[in-house]
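Participant: Given next are the chains, with one letter for each unit.
There are 2 protein chains.
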Amino acid sequence: MKSKGEEFLPIVGLHQATCCSETKYVGRDDLLLMILDKGSIISGCLTKSSAPSAPVMWCRKNFKSTLKPREPIVILVNAGNANAFTGKEGDIACQKKATSLSNLFNCNNSNIFFASTGVIGETLHAQAIINKLPILKKSLVNNNFSSAAAAILTTDTKTKICSKQFIIDNNVVTISGFAKGSGMIFPNMATMLAFVFTDYSIDKKTLNQLTKKAVDNSFNKISVDGDTSTSDSVFVSSTRKVKVKKTSNSFKDIFYQNLLAVMVNLAKSIVLDGEGSKKFIEIEVKKVKDKKSAREIAFSIANSLLVKTAMAGSDPNWGRIVMAIGKTQKIFNMEKLKIFVQSQLLTKNGRVVKNINEENLKKELEKKYIKIIVDLDSGKQSFTAWTSDLTEQYIKINADYRS
Amino acid sequence: MKSKGEEFLPIVGLHQATCCSETKYVGRDDLLLMILDKGSIISGCLTKSSAPSAPVMWCRKNFKSTLKPREPIVILVNAGNANAFTGKEGDIACQKKATSLSNLFNCNNSNIFFASTGVIGETLHAQAIINKLPILKKSLVNNNFSSAAAAILTTDTKTKICSKQFIIDNNVVTISGFAKGSGMIFPNMATMLAFVFTDYSIDKKTLNQLTKKAVDNSFNKISVDGDTSTSDSVFVSSTRKVKVKKTSNSFKDIFYQNLLAVMVNLAKSIVLDGEGSKKFIEIEVKKVKDKKSAREIAFSIANSLLVKTAMAGSDPNWGRIVMAIGKTQKIFNMEKLKIFVQSQLLTKNGRVVKNINEENLKKELEKKYIKIIVDLDSGKQSFTAWTSDLTEQYIKINADYRS
Chain A
1 MKSKGEEFLP IVGLHQATCC SETKYVGRDD LLLMILDKGS IISGCLTKSS
51 APSAPVMWCR KNFKSTLKPR EPIVILVNAG NANAFTGKEG DIACQKKATS
101 LSNLFNCNNS NIFFASTGVI GETLHAQAII NKLPILKKSL VNNNFSSAAA
151 AILTTDTKTK ICSKQFIIDN NVVTISGFAK GSGMIFPNMA TMLAFVFTDY
201 SIDKKTLNQL TKKAVDNSFN KISVDGDTST SDSVFVSSTR KVKVKKTSNS
251 FKDIFYQNLL AVMVNLAKSI VLDGEGSKKF IEIEVKKVKD KKSAREIAFS
301 IANSLLVKTA MAGSDPNWGR IVMAIGKTQK IFNMEKLKIF VQSQLLTKNG
351 RVVKNINEEN LKKELEKKYI KIIVDLDSGK QSFTAWTSDL TEQYIKINAD
401 YRS
Chain B
1 MKSKGEEFLP IVGLHQATCC SETKYVGRDD LLLMILDKGS IISGCLTKSS
51 APSAPVMWCR KNFKSTLKPR EPIVILVNAG NANAFTGKEG DIACQKKATS
101 LSNLFNCNNS NIFFASTGVI GETLHAQAII NKLPILKKSL VNNNFSSAAA
151 AILTTDTKTK ICSKQFIIDN NVVTISGFAK GSGMIFPNMA TMLAFVFTDY
201 SIDKKTLNQL TKKAVDNSFN KISVDGDTST SDSVFVSSTR KVKVKKTSNS
251 FKDIFYQNLL AVMVNLAKSI VLDGEGSKKF IEIEVKKVKD KKSAREIAFS
301 IANSLLVKTA MAGSDPNWGR IVMAIGKTQK IFNMEKLKIF VQSQLLTKNG
351 RVVKNINEEN LKKELEKKYI KIIVDLDSGK QSFTAWTSDL TEQYIKINAD
401 YRS
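Going down the list, the protein sequences come from chains A and B. If you number the first sequence the way the working numbering does, the last residue is 403 and the count never jumps. If you number the second sequence the way the working numbering does, the last residue is 403 and the count never jumps.
Excised from the complex, chain A in its bound form:
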């Protein structure tokens, strides 16, 4: 039905408010409060980093405990300070904010979720944030996606929003989400945050399952610089306002396909807005024995500085792609390997194809979208990774521009 990139379709039962916390940024909102009506559910995926931020540890605990169904769900997000590697003080900051939110919204700690993005290792001014909560509560409105998406940004150059609307059993169901980007974030580190909402009356168990699957097939396919944040978090919530009484696998599938589409759109937007990035590169590794190898090879190519700089220079340097495959130490038959760049077959029978029109290919590589296909012809598994090119601008952002 409807599909809007960079616009949003509202979700009944979701309330949002933003303001400037006055702890870091000047002249922009950097604090976002979101309230979901009682009866809502929430699911999520958090960074696998073994040095997670205080809010990630808080949410990890809450995702394991049981929601109070008669209480609202509260999500508080701030940009500018990641509250990561802040020791016990970081946990205390979460606890303080939770106590205040719990009083304001009559809910248990288990219904409160946090996300923070920005500088690592600096004390979060919890009290300054707490002081803003009553104002935020007063300014809550039903859906304020544009302001919400803007309030969570750090070095991103634009907001990332995506909505889908579709029919399940004669009911109009909506999924709307927004995200902020990866790539190194001034002044400290990469963080990917995404918040996705729906009104579909899905059960908690199914939402957990579909969230994990959709994250694996969207956000877990992207890499800007191969680094993993201490704060990466994806939250998927449902207000369950659109009651679909029947359940069926086909309904589940329709919902999943749309959830996936929203997440893929957001994931690609993050790559496209990667620091210093000029190009979007899709790397499809196919006909591999096992999925794990396909994934490893795809990310070996996606994270290779040599491949990424070649793409920045519009250089069809397939030798670097062979190197990146070889460096995984996965055994494969070089004779069977086929590499395609922008649909042009480059290798066959263990060597380069003769008579490639390099001039044409260079022109094709000047485009914004680049597609690399690696065909190992040795199995049935495949994996696609999305990345950006590596430009001098990335180095400038990350080396020279820190105050």
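By construction, these hints were calculated from the structure, which means they are not laboratory data. Hints are supplied without guarantee of correctness; some may be wrong.
Each pair may be met inside one copy or between any two copies, as identical chains are not told apart.
Said to hold, decoys possible - SDA-like mimics (lysine to any residue), calculated; alpha carbons at most 20 Å apart, straight line:
| hint | residue 1 | residue 2 |
| --- | --- | --- |
| 1 | Lys88 | Asn355 |
| 2 | Lys354 | Thr123 |
| 3 | Lys286 | Ile331 |
| 4 | Lys396 | Gly313 |
| 5 | Lys48 | Ile331 |
Chain A is fixed; fit chain B onto it per the hints.
Facilitator: Same frame as chain A, now just chain B:
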């Protein structure tokens, strides 16, 4: 005893000659022939890439077969063409060169070794090289390290040579070696080659064992861009001219320490000459439960774009170091973690140390040599990695300067 960086001490029984192959470079030698007198032995470590070059596959076979002790050992090296991913033609090129060398020097194929570095996927002009062999044979001289070290370079900015001389049981023993660099090599890929020679009458089994150990503790500790070449090769040979009749563990140890010192010197020279690199960074990860984790954490830091760009910008950005540790997903106690940069303790009790003089630290980071220590306080194992910073110059070399 004597120790010469960038100078060489001769090895009796080693003969070298260089010339221009006229297949790639103009006005410089790019072909190197080395002959070791009969009775010599050779050992080596080759790239673990699963897309190895034809010469690597040739040598892999020869290292497994038995040397003919009554015949010389022949090593032929060319720069400019890696003879990698060249299909059957690449193997045939090796075979042809071997046939010609075998006739010229009256030796079996099993005594012939190749190394090639340069562009990937282009046909090696074997005949052009073969045509030069008689001239090379005529111009062989006992030790010509400077010319040899220069002939194997590609985008390196200088030769890398190191020699050590020491006493074993009243005999003067010499180890001399040279190497060429990593970092992406115009126009196709990074390749690390190293050739080390000694005159010590070591046995083959011990040489194999010590070579592997020394490579693990030198060349396997470096990373310029995290990429692995299809051609990386380290050869260690002995002419066995200095006869030490007794064998003892202490002799073995003296020899090993000197072999290691030569290899460490060459490995560090490669990092120092890394493309676009301005700084040498040593990352020591200590007090870790197991060696594998220590190694993984050290290389996660060494290969992190965010850490490498921070170092380029003289930015004591310890948050990025925490991120790089966390991204390995190795469980550790953040409360116990200590990070030192240029001897300054930066983290304690799970958070940043208060009152760090950032200005002083920034000045310390402007130095050419940077030392990062990560202390996990959770075991007895350690690992040290060596890397370079990541500058805009690297991107320029690898993206913009390809013709």
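Participant: Run every hint past the structure and note whether it holds.
Facilitator: Evaluated hints:
no.	hint	in the structure
1	Lys88 <-> Asn355	between (64 Å within a copy, 18 Å between copies)
2	Lys354 <-> Thr123	between (60 Å within a copy, 11 Å between copies)
3	Lys286 <-> Ile331	within (15 Å within a copy, 33 Å between copies)
4	Lys396 <-> Gly313	both (17 Å within a copy, 9 Å between copies)
5	Lys48 <-> Ile331	between (28 Å within a copy, 10 Å between copies)
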